[in-house]
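K.L.:
As a plain string of letters, each chain reads:
Number of protein chains: 4
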Amino acid sequence: MVNQINLNADMGEGFGAYDIGSDADLLTIVTSANVACGFHAGDPNVMHRVVTQAKERGVSVGAHPGFNDLLGFGRRRIEMKPSEVEYMIAYQIGALQAISALAGVKVTHVKAHGALHNMAAMDADLAMAIGRAIKAVDHNLIYLALAGSAMEKAGEKLGLPVAREAFVDRLYEDDGNLTSRKIPGAVIKDAKFASERVVRMVLDQEIVSRHGKKMPTRIDSLCVHGDEATAIAVARAARAALEAAQVRIVPLTAMGIA
Amino acid sequence: MVNQINLNADMGEGFGAYDIGSDADLLTIVTSANVACGFHAGDPNVMHRVVTQAKERGVSVGAHPGFNDLLGFGRRRIEMKPSEVEYMIAYQIGALQAISALAGVKVTHVKAHGALHNMAAMDADLAMAIGRAIKAVDHNLIYLALAGSAMEKAGEKLGLPVAREAFVDRLYEDDGNLTSRKIPGAVIKDAKFASERVVRMVLDQEIVSRHGKKMPTRIDSLCVHGDEATAIAVARAARAALEAAQVRIVPLTAMGIA
Amino acid sequence: MVNQINLNADMGEGFGAYDIGSDADLLTIVTSANVACGFHAGDPNVMHRVVTQAKERGVSVGAHPGFNDLLGFGRRRIEMKPSEVEYMIAYQIGALQAISALAGVKVTHVKAHGALHNMAAMDADLAMAIGRAIKAVDHNLIYLALAGSAMEKAGEKLGLPVAREAFVDRLYEDDGNLTSRKIPGAVIKDAKFASERVVRMVLDQEIVSRHGKKMPTRIDSLCVHGDEATAIAVARAARAALEAAQVRIVPLTAMGIA
Amino acid sequence: MVNQINLNADMGEGFGAYDIGSDADLLTIVTSANVACGFHAGDPNVMHRVVTQAKERGVSVGAHPGFNDLLGFGRRRIEMKPSEVEYMIAYQIGALQAISALAGVKVTHVKAHGALHNMAAMDADLAMAIGRAIKAVDHNLIYLALAGSAMEKAGEKLGLPVAREAFVDRLYEDDGNLTSRKIPGAVIKDAKFASERVVRMVLDQEIVSRHGKKMPTRIDSLCVHGDEATAIAVARAARAALEAAQVRIVPLTAMGIA
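Protein chains in written order, with my numbering: chain X, 963 to 1220; chain D, 963 to 1220; chain H, 963 to 1220; chain P, 963 to 1220.
Hints listed in this document are in silico derivations from the structure and should not be mistaken for laboratory results. Hints may contain errors.
No copy labels: a pair is met if it fits in one copy or bridges any two.
[Claimed, not checked] Below, simulated EDC-like cross-link-like pairs (lysine to aspartate or glutamate); rule was C-alpha separation at most 20 Å, straight line:
#1 K1144 <-> E1041
#2 K1151 <-> E1135
#3 K1144 <-> E1046
#4 K1068 <-> E1018
#5 K1097 <-> E1046
#6 K1068 <-> D1100
Given the sequences, and given the hints that come with them, work out the whole structure.
P.N.:
Written out as structure tokens, the structure is:
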């Protein structure tokens, strides 16, 4: 019987004078933070601040590496050789590890961002490249991977600790991929609907597509967002519903993966 | 009696399609490489390549962090708070450590680049900020510091291993600082003059200013450059002269500092 | 008898996914917009959007060029040769002109941003470099310059139309420069105080320092800010007070300068 | 009977301390320069230098805009909406116009760079977006377009002056597109072969694919490259062969297009 789950969110996505997202709110909801590492967003100051705040709240810290595309916020696909992705991911993980060392924090997981995440979910070569970077830098780092994706398989193949992730506020297709944001309703904004759905997901360890197809899968972590007011409300409601269902919300490091 | 010395040079300062410097030549001359970390120059691909080449040649690898100013190649002074410098330096060291881990190499020293180097040579707060970043990331990293500078003092104060550096191809002022490049002759281009001078520097452990003032100092490492054809010739001649004087050229890690 | 004045504000300072400032609010208050040009902030999308919005509101458009330092938002001093500043300014003006052409708008003034503004206010060489860039690109562009600054003098010397600017929400020193933000009270947050002060400034064509020193000067334009809630309130109150004093608020192009 | 042709090359692709290509050599060969505009390469200093040099040699100047991807040198495909491409192209043209104004030069053509060029050759929406940007900024600017491409058609549709381009050192497929660089021999390195081929191309106004298919087309300009030693030799030989065949080599502005 599943009685605990991790909640993660992307954070530290400001840059210089710019701020974005709702880190302060998210830190009261999630138990693991995916910290941008300076390529699609983030800079050393922002990274240090969010890592320090995460530490204060007992939130575990992971690297959230993305494409080197600040203008596109890492959401635009860029063709890179797997070896180039490998170096790029290692670079970003190492950068966050060092900033975290300054703050007395240990980086414990890695989750790819944006277009890189979406590409590596389907592309075994990219998924392996990310995995090799993780393994070389620290083989105890948890590879936070979309449940059922090429990243999950790559992590397993490399013998890395893998956490399977599902999304609180996104619909799924029958093949287990996220419904494109271009399709109306792909992003769930109704807190009640999201909450009921997420409790069932966790208790049944099963993803249900928007067409009703049931896909059994282990789920270790739920991803929430902070981009919009509704996202925060959805996340907060989901957490409350999980707690009401006697599911404990714990850091990724407490999920018994590593 | 001094019978060994380290030779270091800045490397890996390309970016994307751009190449600069003479890494291949320098790797046949020096025993330690200061690798650009992606801020003033360098990118994950370049970093991985130079670290791999350094490993093949038995050249020890250090981080060469600079200001976030690719356009100015890190040679323009930028005002930053010491805490910001601290995070920025940690970021860059960590990035290189991770890239190096992929290549099976361990980063063993840190040397600041360009304008940041020149500012930290005189400014105790910046020198300490760099030192704190080094210490937090790995207290065994050698702080490669201009002999007599605020960086040397900061490294000592923090209990870090410190390597004192002198320059093969630069004149000195009476206060121990480098003569400004704006003054004619500040950069030594005569291989014979440089070679004789550098052998005396190492054997006497003494820097002599351009006005003839003698400044005794421990010298662990000599910095050479690869920007121009003359620089490579000067570096090669200096190495040959040192070897002719029975001085062994060793990696920084073999200098008995750490 | 002065019966009209221009109100200007910096706008379009977002970048990619990032937004900053209060463009929508400012566009209801000011009559001229200084549009960031992609170096310290801004990108082609943001520029096109703000220029289009300015056009809809009858707000005249100017270039707001700054240092190539997105991380520092153009607020950090960077040493550049005057010729380099000249090219950099021309580049940014031209970029905005072309974006504006797409939107059917004509760029009519130029105002330097941040650290570059502060440096050029005191440094005749930089002020002339900015002026030469303006003149070469379009000698009818208005050089919007801090009243009494080196920029005002450079504009006059080059025969450019010059608009003298004063600040609605900043205190002044006895030498006519802005009081440093580091000094408490340097930024005026009291709408009533700012309003009364600004009406007197305009009617008397006189700046009064924080020590009470009166400095007569022609004032063509008042700069307001949108960074904080108080800044918007101060700007709105200042506009209302000016209108109550029968001063018309007009675009820079209507000030009879060019 | 064709008795004149234009030769163009990409130039000014350095950045800060970085140099690349062979501008000095190319300026003795070509009659039109495509100048990088600061996104995939180039900066205000580099742009000013190359425009000044082009002026001295009587070489006409065009904008060579690319994706905002210095790391990838504009060679990586990035998904952008046509409107975004439109603003981005306008921005870069305007920037070069202003730099050119400082140097007393008029920009007279536009040629897209790298991945953007390749995408717009096939994609009518992108080709039109580039065309609209050109038209809004200056409808007399020549749209330099791959012969037979979507760019050629877009230019015609918009009523812009269009110059049809063929490549001196690249093989063609039967559909008129360039043979991918991944296919051996796609880049022609044999000066004699290239020279004979190019003379026939110009005199017959016909492109011949690598499989021998003949495709009649108007050819106004030939593109040469400067990336490698062989490229310069090929370009030089092609020019000599054309001159030997009584074909005059003229700036794009002298081709009777505009």
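K.L.:
Against this structure, judge whether each hint is valid.
P.N.:
Now the hints, each set against the structure:
Proximity of K1144 to E1041 under the C-alpha cut-off of 20 Å is restricted to the inter-copy arrangement: shortest distance 15 Å between copies versus 22 Å within a copy. For a Cα distance limit of 20 Å, the shortest separation of K1151 from E1135 inside one copy, 18 Å, qualifies, whereas the shortest one across copies, 50 Å, does not. Proximity of K1144 to E1046 under the C-alpha cut-off of 20 Å is restricted to the inter-copy arrangement: shortest distance 18 Å between copies versus 30 Å within a copy. Within a single copy, K1068 and E1018 get their C-alpha atoms as close as 13 Å, which meets the 20 Å cut-off; across copies the closest is 32 Å, which misses it.
In this assembly of identical chains, K1097 and E1046 lie within 20 Å of each other by CA distance solely inside one copy; the values are 16 Å within and 30 Å between copies. In this assembly of identical chains, K1068 and D1100 lie within 20 Å of each other by CA distance both inside one copy and across copies; the values are 11 Å within and 14 Å between.
The structure fails none of the hints (numbered hints given earlier).
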